[in-house]
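J.: All chains, please: the whole structure from these sequences, using the hints.
Sequence lines, in order, name chains S and W.
Take 1 as the starting number for the first sequence in our numbering and just add one per residue.
Take 1001 as the starting number for the second sequence in our numbering and just add one per residue.
Among these hints, one or two may not hold up.
[Claimed, not checked] Part of the chain W face toward chain S, derived, beta carbon under 8 Å: (1) 1059; (2) 1061; (3) 1118.
[To be verified] With the Cβ distance kept under 10 Å, some of the chain W side facing chain S (calculated, not the full set): (4) 1048; (5) 1051; (6) 1052; (7) 1054; (8) 1062; (9) 1066; (10) 1093; (11) 1105; (12) 1114; (13) 1116; (14) 1127; (15) 1129; (16) 1130.
Hints were generated in silico from the structure; no laboratory data involved.
Note that CB positions come from ideal geometry on N, CA and C, so glycine has one too.
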Amino acid sequence: MKIVAICGAGIGSSGILKVNAERVLKRLDLDAVVVAADIASLPDVIGTAQIILTSAEFVDAIGKTFADVIVIENYFDTAELTTKLEAALG
Amino acid sequence: MSLPPLPPEAIELGATAADWRAAVRLAGAGLVRSGAALDGYSDEMIRMIDEHGPYVVIAPGLALAHARPGPDVLADGLAIVTLATPVAFGHPHNDPVRVVLGLAIKASDRHLAAVAGLANVFNDSTAIAQLADAKTVDAVRAIMGVDQ
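T.: Structure below.
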């Protein structure tokens, strides 16, 4: 499975989402590749990603996609990430 | 998993900022004092927020100001500004901001190690309040896990 974490610069905040998503996925015993990228390069990296992790600010710019778009409010709250990833992965 | 350098000169406690732009400039000034960035990096960090909105407020009370690696970045670096009066960035959930981090990364292929270090600190949900209440630069560095 592939997950893309999106922010404005492709470093910093999307990197934090990637790091924490990987920690949560490991705890959930789920195998996924998480890629951090800036919003401008989303078309290049999305491929077959099932999930996009991001902030509310980028939802409009992400636009129509087959991936589940998960909006994270607190990037450091691994409980929030766990709940939302589990819900998306059903 | 190590943080970018956070020397004492990159830390400012109890600062006053009229608005979020001023708060981001204070963080940028810390990066300039520590030799991590040039003055123009503040404009870059502000431009990211002008362009994309207040997404840099990534947790309640905490802004992670940053921009892309570029000519205004001289070295990896971290700056921390705590605000005497919290400032609104316009974030729907995480305003107002009490602690502003400034992050400069020289090469994007190294950014994950830097942010993993930040995650290690801030996955402790008490860290932001501890920083906001810190009275000394040494206390800030201790909270961040930086060797004295």
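J.: So, for every hint listed, does it hold in this structure?
T.: Hint check results:
no., hint, in the structure
1, 1059, "holds, 5 Å"
2, 1061, "violated, 10 Å"
3, 1118, "holds, 6 Å"
4, 1048, "holds, 5 Å"
5, 1051, "holds, 7 Å"
6, 1052, "holds, 4 Å"
7, 1054, "holds, 7 Å"
8, 1062, "holds, 8 Å"
9, 1066, "holds, 4 Å"
10, 1093, "holds, 5 Å"
11, 1105, "holds, 5 Å"
12, 1114, "holds, 8 Å"
13, 1116, "holds, 5 Å"
14, 1127, "holds, 8 Å"
15, 1129, "violated, 13 Å"
16, 1130, "violated, 13 Å"
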